[in-house]
Amino acid sequence: MAASFSPDQIISQLDQAKQLAINQPETHPQVFRQILPFINRSELPIKQWCIQFIHDTFLNNKQLGHADKVDLAIDSLDSLINLTNTTEDIDNFCKVINIANIIYKLVFQYVSENDGCNQIWSKLTELKNSLVNKFQTNYPLKPSDNVEHDLLRNVVTKLELLKFIMTVVDYQSKTQVVGSTNGGNIKIAFSLDRVPPNHSLIKYLNMEYEAVNLLDLTLKTLSQDILNPPMISATLNHGIIIMKKKPQYATKILKIIESYDTNTKLQSNYQTIEQFKLARKYVDRVLKIFIQHCKKYGLIPTNFQNSLNKKLQLLIERGDEIRRKNIFLEDNVNIRKRKFEGFLNPSKRVKALDYKNLYTLNDLNNELNNFDLTTVPQHILVSMVMNALERASVPKLTKALEIISERYTNALTMSGSSLVYQRPTQSVQGEQMKVQDKVKSEVKDESDEESDAEQYNPEAMYTLPPPKDLSFQDKKVQIELIIKNFFKLAKGEKTTEEINEAEDNISSELTKIAIKSWKKDSWILLLTRLATRGMRRRKPKTEDDEDEDSYDLETSPDDKVNQEMGDLIRTAIFDYFLENIHGRIDVIIEWLNEEWYSEVVFNEANKIKNGETTQSTPIYDKWAAKVLDAMIPFLEPNDKKIFIRLLSDLPNLNQDLISRIKSLCYDPARSTIGFLALSFLIMYRPPVKQVCLDVLKELSDSDQEDVKEEAKKKLEKFAT
Amino acid sequence: MLEDSLKICTVCASNNNRSMEAHKQLQDAGFDVKSFGTGSAVRLPGPSIDKPNVYDFGTPYQVIYDDLMSQKCRKMYESTGLIHMLDRNRQVKTAPEKWHSNSYAGKFDLVITCEERCFDSVLDDLMYRMYANDDDDANDVKKIVHVINVDIKDDNENAIIGGRGILKLVNMIHDFKRKKQEEKDYEDESDVILEDQMMAILAEWQKDHTHLPTIYGVSYY
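Residue numbers (the UniProt record's numbering), protein chains in the order written: chain A, 1 to 720; chain B, 1 to 221.
Hints listed in this document are in silico derivations from the structure and should not be mistaken for laboratory results. Glycine is no exception: its CB is placed at the ideal position from the N, C-alpha and C atoms. Hints are supplied without guarantee of correctness; some may be wrong.
[Unchecked claim] Across the chosen pairs, the derived CB separations fall in these ranges:
1. B:V63 with A:N309: 51 to 57 Å
2. A:N60 with B:G58: 24 to 30 Å
3. A:E113 with B:K184: 45 to 51 Å
4. B:N171 with A:E330: 23 to 29 Å
5. A:Q305 with B:V63: 42 to 48 Å
6. B:K168 with A:Q48: 30 to 36 Å
7. B:A29 with A:E330: 30 to 36 Å
8. B:L2 with A:R391: 52 to 58 Å
9. B:K184 with A:T398: 29 to 35 Å
10. A:F328 with B:N171: 18 to 24 Å
11. A:D193 with B:K168: 34 to 40 Å
12. A:D8 with B:G58: 45 to 51 Å
Generate the whole structure from the sequences, applying the supplied hints.
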């Protein structure tokens, strides 16, 4: 509708609509509903305008009636849920939280009075969860390099979210005012006890359970080992609501306060010693005021009075003492710093385009950075690096690599701007010219110098071409290489220890760290998983695909390529098996189990969706049949054990697979194996009992007498 | 008045000396400022320590001024600076106002108290307002308020020194806020969030003003 208008034009139209709503309040709901869809526009100014408009509609708007507000609140739920996840700047996100605060109250009360509006209730729950889940994150900011820093970041959003969570706690628990209501001055807001007890959606137990958990979540601020005065005082200021209106939870807060001591807290690595000293004083003062307030209004249960009186006395004395001194001259002896878990230079931006700035996570001014590592002999260097890598925790290493990679990206985006265009110093420029000359002479043998000079543009930006997509043939070559390497490993039969002893070089050291638990037969696990999971096509089998090879016939070319590459691996394993059928049965069992399991798991969701009840595993069936077909002709009369082993360990047997045993029964030299296998299956694999009996029945009708006789015997034995 | 001024108020016991000096200095610098007292009444020095001049909040400074001028010890009031103080006050606003009944004045972003007792009183009152629900519950949400105490001795000279200190602090806070507007290219937005950096600002200010001890807390109202 408005696609052809610029954001400015749209905003001016929105302004006119808003003006109409202000001048004629009765049109406000209608205007609101028409403006609401604009919230989904991608242009930031329009989105901001809409957030402000919704904010002004719900907050401090006396013109709009309560009933209209409730209607509009319900209409806004979807947009608001969307906004809680898409608003990326802090000011607007805080507005969204405040809107949600009002809307939560209005809609909760509405649902309470109108049982059965499941959809509205589930949307309200979604909105609530979306915000509650952000309390422990730094949304809309990205997390920093460590948890401690994140506790102290984005405090303003946390303060707003705390307020929202406390509204939820207030509404979702029963209110029992302690002490006086100040002559009715203390108005009691809506809360759980005004919801009908048999409400089908708002269930008392669930609500109270959630309220307690949310309260615990907010109280986590008080159990942190560092001090964050704004959050602590905000939490205590909200705690007073609990003390006055929710005595059932008062113990929770008082227990924490009873044992809370700023002297046991640690100085954060993100605060100076001065800030920490001030923080201790500030927090002590707010604690004192909290206890005094509770005392003054009789909010402290008797069992806490003694201990809190002592606490109060201690805090008063501490405050008096600190007032007489210059707080910064106070002794530092008892101050301990929290263990540092971050990086001293966590910046994701490169200050200058050099290796030092790219890779240093240490303080850039640290003298250690000037140490020339090239003077250290290589073997010592290697063991130093290995040692460091082994000691580093995986999350920290990951974070470190993440920072470096962001710096790379940053360096790339910056290369177009100031950094590259900085005029190089004379000597550097000279060097560059030499390099360029060399490159040119290599590229063009007989180039004319003049035209070179014309083409030379010092400001041109040279970037590497983007990597080309691999063709199917290339991929195939790579997969074959991978397969070859794996089988080399399989046939090499060397353990890691042996490899390490044999060659003491860097790559073996690296292997040791990279694959700590490499075992002799790890290769088969990796290879089978690559085939069954890595190369899995995305689209599951459809109902129409009935024939044996149907899984090959897929619509998506990518799927088909994946399938073909997976089959390359399967064929390789199969061929490996054929080389030594008797010795490699374990490999086959492991592979086919992987095959079946992956297929079942991947098809599960689809199965549920289509309401199917039977498992279909076409890939497994195809390869299990191939294995049996390959194996049966080569079975010797004394191969009983491995054949039975295979049949007992295959994850699934169907009629088709079992019918392949028939050929064994017909072979006079090996019929014992065939009948033994059938008896075994009848006894130990009940799901296929009937299929085996059917096979026996078929054999008993055979024109080969000995077979007929043996089959009848077995039938008599098992058919009952 | 500055366009980007936070809504500020200064608070002392009687809303006459320290809060009014700071009020004037902040107002002269262009800030949006009001002032209040947390005492039960306005108490000014009288002929002797046990005979203070007591007025209700709301009594115009002009009335108090005239009353003191009509007393016998007018000369003493003149020499102690009391008359000068009231002369200044009546040019700033009409009458001393009480913190506890200031809902008519709207909400503040920043409350600066001038004595620990007043800080306690403001926070205690804000705690009371947390559950007393002055506001229409489903029409409004509580707002974050930063409360800072700057401890100032209650005399003329210290009120002026304290006022200067408060002005410096408020300027630092505003400069910080402006930095966010001007420097769009920051790596970590946390560096420009006032709430994240308030402790750093206070510590920096406190280093230069060790004679004006601070307390700080965040509340809602």
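Outcome of the hint check:
Distance hint check: the CB atoms of V63 (chain B) and N309 (chain A) are about 44 Å apart, inconsistent with the given range 51 to 57 Å. A C-beta distance of roughly 27 Å is found between N60 (chain A) and G58 (chain B), which places it inside the suggested range of 24 to 30 Å. In this structure the hint that E113 (chain A) and K184 (chain B) lie 45 to 51 Å apart at CB holds, the actual value being about 47 Å. At about 28 Å, the CB distance of N171 (chain B) to E330 (chain A) agrees with the hint of 23 to 29 Å.
Judged by the Cβ atoms, the range 42 to 48 Å given for Q305 (chain A) and V63 (chain B) holds: they are separated by roughly 46 Å. For the pair K168 (chain B) and Q48 (chain A), the beta carbons lie near 34 Å from each other, so the given range of 30 to 36 Å is met. Look at A29 (chain B) against E330 (chain A): about 33 Å separates their beta carbons, and that is inside 30 to 36 Å. At roughly 55 Å, the beta-carbon separation of L2 (chain B) and R391 (chain A) lies within the given 52 to 58 Å, and the hint holds.
For K184 (chain B) paired with T398 (chain A), a C-beta distance near 30 Å keeps the hint of 29 to 35 Å intact. At roughly 22 Å, the beta-carbon separation of F328 (chain A) and N171 (chain B) lies within the given 18 to 24 Å, and the hint holds. A hinted range of 34 to 40 Å for the beta carbons of D193 (chain A) and K168 (chain B) is inconsistent with their spacing of about 51 Å. Taking the beta carbon of each, D8 (chain A) and G58 (chain B) are about 49 Å apart, inside 45 to 51 Å as hinted.
In terms of the numbered hints stated before, the structure departs from hints 1, 11, listed from lowest to highest.
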